[in-house]
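Protein chains in written order, with the numbering used here: chain R, 1 to 293; chain H, 1 to 234.
Since the hints were made in silico from the structure, they are not lab data. Beta carbons: idealized from backbone N, C-alpha and C, even for Gly. There could be a bad hint or two in this list.
[Unchecked claim] Below 25 Å or equal to it, Euclidean Cα-Cα: the simulated SDA-like pairs (lysine to any residue) are:
hint: 1; chain 1: R; residue 1: Lys283; chain 2: H; residue 2: Val230
hint: 2; chain 1: H; residue 1: Lys148; chain 2: R; residue 2: Ser172
hint: 3; chain 1: R; residue 1: Lys283; chain 2: H; residue 2: Asn100
hint: 4; chain 1: R; residue 1: Lys102; chain 2: R; residue 2: Phe27
[Claimed, not checked] Here are a few chain R residues that sit away from chain H, every Cβ distance over 10 Å (derived from the structure):
hint: 5; residue: Ala97
hint: 6; residue: Phe226
hint: 7; residue: Pro254
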Amino acid sequence: MTGWFSKTIRIFSWACGMAFTSIIFFFIGYLLYRGAGSLSLKLIFENTGVIDAVLLRKQVLGGLFPAIAGTIILVLLSVGIAVPIGVAAGIHMAEYARGRWKEALGFFFDILASVPSIVIGLFGLSLSVYLHRTFFPKLYPSLIISALSLAVLVLPYIIRSTQYALESIPESTRIIAPALGASRLQNILYVLIPRASSGILGGIVLAVGRCAEDTAVIMLTGAVAFAGVSRSLFSGYEALPFYIYYISSQYADPAELAEGYAASLILLAICAVFFGVSFIIQKGVESRALYGP
Amino acid sequence: MDNKLKISINDLHFSYKDKSVLSGASLRIMENTINAIVGPSGIGKSTFLTTLNRLWDTTSAEMTGKIEIFFHGVPQDIYDPRFPETTLRRKVGMVFQAPNPLPMSIFRNVAFPLKLAGKTSRGETEESVEKALRQAFLWDEVKDRLHKDALLLSGGQQQRLCIARALVLAPEVLLLDEPTSSLDEKAGAVIEELLVELKKNCTMVIVSHYLAQVDRIADTVHELVGGKFVTGRR
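When you get a sec, could you build the whole thing from the sequences and use the hints?
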């Protein structure tokens with residue numbers, strides 16, 4: 001490799017990195033510029049008292065609070081469904097599945113990962129229609145249907161990140177516990193999972209982001225424009241991405257559009273909080289497993 | 001030293017991905033001795049060690065032959081399907097070439113095999129950990145910082161920690177795969193000294209490259225030549 005060539009590559013890589021970083025700053029800056037002015041307690045809670053609203057004593061009408069609550073509940077539900085299944089499947093892929101079976105499973109997970117979210121939304125909708133007609137006449141597109149559909153959407157990320165995090169643990173680390181008399185399961189639980197936890201977290205963070213932002217799935221499976229904070233898993237709900245989509249396609253004046261930008265800022269903030277919390281949980285799991293009492 | 005048989009290895013054949021490593025290897029190892037396995041690198045000395053605790057990769061290697069270990073005087077075919085490998089590995093400890101403490105505190109590293117074996121009484125654990133650390137000549141250096149990260153110890157200390165961890169279940173056999181090769185001379189000398197001391201409780205099989213080390217500590221020397229052992233005297 002000649003000197004000028006490797007130099008060019010280095011500068012180009014640096015420039016690409018810088019370009020992306022500046023896009024992110026520009027993007028957040030733009031959202032702040034357009035939306036920060038509309039951010040206010042009134043935007044979120046309208047005329048309802050903050051405490052009354054948060055304790056669900058009074059329904060917030062017109063504010064963003066129901067959409068914020070809906071998004072948080074939706075993310076918790078979907079990720080709560082997807083994480084145990086995904087991590088377990090990832091463990092199966094990395095530690096137990098072998099040969100053809102592993103290849104076949106990997107192939108299906110890749111297919112699942114490439115299914116567009118609108119198709120998964122359509123599937124969720126069809127499923128709820130089918131269930132409504134055949135088994136549960138009271139079941140309509142609702143929070144639980146959306147959560148299940150989103151869980152399916154993000155499962156491949158969690159499976160694959162768990163699998164790769166486990167597979168990247170070197171053989172020299174894998175044999176430590178067995179040499180000390182650990183069973184296969186003990187090795188997985190006590191050594192391999194804590195070691196892989198930061199990689200698994202990467203998949204969960206991706207999943208959280210995807211559940212928080214996805215609009216296609218929830219549009220078809222239960223999100224509605226005005227529902228208030230949902231009181232049940234089987235009712236419709238409001239969600240921020242749907243609100244943003246709705247307001248930006250039907251705004252009546254610039255002030256309403258600005259509220260869309262403000263909602264976007266809130267959505268970003270919610271994601272940031274989720275990332276922070278997952279990071280803290282992962283550190284906790286890791287240090288409890290390795291350094292705890 | 002009494003001359004009781006500890007390990008009897010009979011006509012061992014071992015091949016890895018169609019490459020023959022051991023072909024008809026036989027060996028008798030006496031109780032409470034240090035046995036050095038020597039030979040050029042890549043000839044299969046480490047692989048041989050893993051046949052004694054069944055730690056080799058059963059998916060890509062094949063083995064025939066018989067290995068018996070006398071646990072408390074009773075012969076046990078260690079490849080008997082009814083004899084669980086977890087039990088075997090609790091009785092046959094292993095120390096690797098590079099120190100490999102887990103990213104835990106010193107105390108938890110040494111207590112880890114006890115936890116795996118389901119022994120959880122706090123008092124007993126503390127006692128066993130202290131005993132193992134004393135056996136490994138490490139207690140005095142770490143007794144005031146048992147709950148500090150094991151990875152902060154020096155290389156030599158880490159290797160002695162790994163020896164303590166292997167000793168905490170009071171194994172009857174200890175396998176050592178070039179345990180001093182990643183250490184400086186001084187740290188290595190401490191380990192040699194402690195191995196000689198350990199002969200009271202353990203039978204040791206050690207792979208070593210250093211002939212001087214073999215001369216210093218081994219009771220018998222077995223050279224691996226063409227897949228068989230040639231036993232020399234010391």
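Each hint tested on the structure:
1. Lys283(R) to Val230(H): violated (52 Å)
2. Lys148(H) to Ser172(R): Satisfied, since the Cα-Cα distance of roughly 23 Å is no more than 25 Å.
3. Lys283(R) to Asn100(H): holds (22 Å)
4. Lys102(R) to Phe27(R): Violated, because 41 Å separates the two Cα atoms, which is more than 25 Å.
5. Ala97: The claim stands: Ala97(R) keeps its Cβ more than 10 Å from every Cβ of chain H (closest is about 13 Å).
6. Phe226: About 52 Å separates Phe226(R) from the closest Cβ of chain H, which puts it past 10 Å; holds.
7. Pro254: holds (55 Å)
Consistency note: the structure conflicts with the earlier hints numbered 1 and 4.
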